[in-house]
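Colleague: Read top to bottom, the protein sequences are chains H and S. The first sequence maps to residues 1 to 419 in the numbering used here. The second sequence maps to residues 1 to 419 in the numbering used here.
Calculated directly from the structure, the hints in this document are not laboratory data. Treat each hint with caution, since some may be false.
If several chains are the same, the list does not tell them apart, and a pair holds so long as it fits within one copy or across any two.
Claimed, not checked - Derived pair list, reagent style SDA-like, types lysine to any residue, alpha-carbon separation capped at 25 Å:
hint, residue 1, residue 2
1, Lys326, Leu97
2, Lys196, Leu372
3, Lys99, Gly296
4, Lys62, Thr75
5, Lys163, Glu152
6, Lys321, Pro311
7, Lys99, Met19
8, Lys99, Leu409
9, Lys28, Leu325
10, Lys183, Asp232
11, Lys355, Glu152
12, Lys399, Leu372
13, Lys243, Pro388
14, Lys321, Tyr15
15, Lys373, Phe124
16, Lys99, Lys399
17, Lys99, Lys326
18, Lys321, Phe283
19, Lys99, Leu68
20, Lys395, Ile380
21, Lys395, Asp365
22, Lys28, Tyr15
23, Lys99, Asp365
24, Lys236, Glu340
25, Lys196, Asn220
Number of protein chains: 2
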Amino acid sequence: MKQVVQAVKGTRDFYPEEMAFRRWLYAKIQQVSERFGYQEFDGPIIEYIDLYSDKTSEEILKDQAFSLQDRDGRTILLRPEITPTFARMVAQKSGSLIKPIRWYSYGRGYRYEQPQKGRGREFFQWEINILGPETPEADAEIIAIAVHFFKELNLTPEEVVIKVNDRGLLEQTIEENKIPAEKFTTLLRLIDRKEKIGPIQFNQTLKEEGLDQKQIDGLNSYLSSKDYTKSDWLSKVFKCLEKYPGVMDYIEFDPTIARGFDYYTRTVFEAWDRSGGLRRSLFGGGRFDNLTETLGGERIPGVGMAPGDMPIEEILKQFKKIPDLKPETAKVLVTVFNAELMENSLAVASLLRSKNINTELWLEDSKLDKQLKYADQKGIPYAIIIGPDEATQDKVVLKDLTKQSQESLTLEEIIPILL
Amino acid sequence: MKQVVQAVKGTRDFYPEEMAFRRWLYAKIQQVSERFGYQEFDGPIIEYIDLYSDKTSEEILKDQAFSLQDRDGRTILLRPEITPTFARMVAQKSGSLIKPIRWYSYGRGYRYEQPQKGRGREFFQWEINILGPETPEADAEIIAIAVHFFKELNLTPEEVVIKVNDRGLLEQTIEENKIPAEKFTTLLRLIDRKEKIGPIQFNQTLKEEGLDQKQIDGLNSYLSSKDYTKSDWLSKVFKCLEKYPGVMDYIEFDPTIARGFDYYTRTVFEAWDRSGGLRRSLFGGGRFDNLTETLGGERIPGVGMAPGDMPIEEILKQFKKIPDLKPETAKVLVTVFNAELMENSLAVASLLRSKNINTELWLEDSKLDKQLKYADQKGIPYAIIIGPDEATQDKVVLKDLTKQSQESLTLEEIIPILL
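Just need the whole structure built from these sequences, with the hints factored in.
Modeller: Structural data, given as structure tokens:
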């Protein structure tokens, strides 16, 4: 026997069972987004590399993107994230769009990373942004949406936390410690990786970057502080979050939160699971005031976040919060008694469908037992049998497969039962 | 001003307005599929090229696929169609899957073709297949689903038609005319292109392929016949289709229907718009009995079809069948009277959301006129105003933007209005 052709490494197949979860999660995302008045959009999955240059970290572009050449020699990427596509779409129509722009999307993204628990090369991402208001209230709304999402998923403040920071605080620290301003991006990345590399290598790298001991101490002192009041902006964001019932339980100030993307300005945040099972953040977000402008559009400040489906699924599994989901089945299987009576079964199936009843029809001349076993295995709740007697009496046998009971009824009688 | 970065040629942006149509079409597809008991699945958008070799026409693979190399030197394609992914998924689990397998999917596909009306390089495709029964009844079900879909889209038999054929008839013709059997695939492709190249070039190419005049006449005589009764199989398919109410009005026998994919066996069909506006088929389908086997799995005969969204949208536009679709908006905009009263507005918005009312909150200190104009432009039906008087009286002003009326009410009073 031949080897079955394999799927691409790091991709997933969604059989109806996995699709049931994907549909459930997508419905939650739609519900939460629309509860706050956001409208669904989507863009292409492929984009020219120009869209990402200077906006996405070089690491992601060079090492982690799926790229191809088109026939004009231009480089196309499978989108590693959706935010630049969102910003491009806004930039292209910014004059005619009503502001504030509240949009969300749920689509695929691609990263050429080593697949592991909660991380694949092809994933789904929820992108939700508000563009227009340059206010702490807008930042608070996005963070409140993240918490609302956790609540909808039945995740508690004991299980997950959102760590919030202001990049402006790091800028202040750099200035106060007389660290050259051009070190900002390098330090951001380094802080983003501090947890991973540990304090010794962190300090060592700072030294290699030319920081003296006093500067290193100053930076570390900032990174261990618990006081966000040096940032007026963040103080206002927190004040606003306190007005959302039950939201602050999920929120912490964390000066080490930096985020990898260059386009973030001011507020940045990351969601973490408190158990530390994933060893990295669940997702992140932040304010990006200049992104549409750097893409050639007018400046429209914005804030948003981009949770991926795989860490969310992982965390839900870990905390046993995935409900018992089954793929949708038909309400009834219309069986076929024998080849001669096939057309009677077909007529009944057509009638039920015309009454908006989801109906499967058996399409072969098989033993009745096999047909009923199929309905049972698949979880179809009812079966209809039309034998020679029923056919002459204009009746059908309706079998309730859950109760294991059956009745001989007219079609008019079964429709209300199946509806 | 900088040039705005452009989208990749042949891709589409789905702003909320376009997304409203996409959601509407997807909901129709889900409804029709599930009405017949099909379950939703999905696979990756990227697949190794091995999946397509020998199954997809070489033309599509070489000239029309987006391809890239992974870091192990393997060629990956952006899927040009979903059927091979479906067959791979079935082949990989065929032992454990309950049969018949009735699955559908709605996802993206990619072809590197010249974009034109109703054709893009990135499109959506509805894939719907039944695997298991090797019966004319199964073929009839898929064709009936296509008709059911047309009816759901309000497309009439005067506007669209499904042309059905049996590849076995061509095999018979080849045998009867003593044409070498190995010419089958070449002739299939040629017949598929006959409409495009015209009868003179068609006959000329047949001559170049080594057919003599008698053979060419025999082939042309078959291609102009209206009689499907030489195919027992097709006769049974038609007999079965007659049992579906109102389906035969949409059906025609057409011996020139061949389809480009090598994997089709027996029944093949194409949907066309009768106006000829698109100059090519809307979509096609057919029986593929050996596909899972050629991918290394057990042999599970099947039949299915794969309508794309772009020709469907085009035909709906042409026949003016697209309903007046608007993006979902919030039910109410909670305005902000001034900065001090922001927190009152925020509290009201939170309360409404907790009652499952989709609620937008204004997030800046702006003139009330601007806020109300925004709600009106966006089509939000209600606005809430909380001024200093309302704040002290624990009331809000509810403005009905459609009727241009307003009332001062308590929160308990407005909830039932907004629900």
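Colleague: Can you give me the call for lysine 196 and leucine 372, within, between, both or neither, at a CA distance of at most 25 Å?
Modeller: neither (56 Å within a copy, 49 Å between copies)
Colleague: Evaluate lysine 99 and lysine 326 at a C-alpha cut-off of 25 Å and name the case that applies: within, between, both or neither.
Modeller: between (40 Å within a copy, 17 Å between copies)
Colleague: What label fits lysine 321 with tyrosine 15 when the C-alpha limit is 25 Å: within, between, both, or neither?
Modeller: within (21 Å within a copy, 33 Å between copies)
Colleague: How would you label the pair lysine 321, phenylalanine 283 (within, between, both, or neither) given a Cα cut-off of 25 Å?
Modeller: Answer is within; shortest intra-copy Cα gap is 18 Å, inter-copy 42 Å.
Colleague: Give the relationship of lysine 243 and proline 388 under a CA distance limit of 25 Å: within one copy only, between copies only, both, or neither.
Modeller: Classified as between; 18 Å across copies, 69 Å inside a copy.
Colleague: Within a copy, between copies, both or neither: where do lysine 399 and leucine 372 come within 25 Å Cα-Cα?
Modeller: Answer is within: at 9 Å inside a copy they meet the 25 Å cutoff, but 57 Å across does not.
Colleague: At 25 Å max between alpha carbons, let me know whether lysine 321 reaches proline 311 within a copy, between copies, both or neither.
Modeller: within (13 Å within a copy, 42 Å between copies)
Colleague: Cα distance capped at 25 Å. Does lysine 326 pair with leucine 97 within a copy, between copies, both, or neither?
Modeller: The answer is between: 15 Å across copies meets 25 Å, while 41 Å in one copy does not.
Colleague: What label fits lysine 183 with aspartate 232 when the C-alpha limit is 25 Å: within, between, both, or neither?
Modeller: within (24 Å within a copy, 78 Å between copies)
Colleague: Classify it for me, lysine 373 with phenylalanine 124: is the Cα-Cα distance of at most 25 Å met within a copy, between copies, both or neither?
Modeller: neither (36 Å within a copy, 35 Å between copies)
Colleague: Can you give me the call for lysine 99 and glycine 296, within, between, both or neither, at a CA distance of at most 25 Å?
Modeller: Classified as within: same-chain Cα gap 18 Å, cross-chain 54 Å, threshold 25 Å.
Colleague: Indicate which option fits the pair lysine 99, leucine 68 if close means a Cα-Cα distance not exceeding 25 Å: within, between, both or neither.
Modeller: Cα proximity of lysine 99 and leucine 68: none, with 36 Å in one copy and 39 Å across.
Violated hints for the displayed structure, listed by number in ascending order: 2, 8, 15 and 19.
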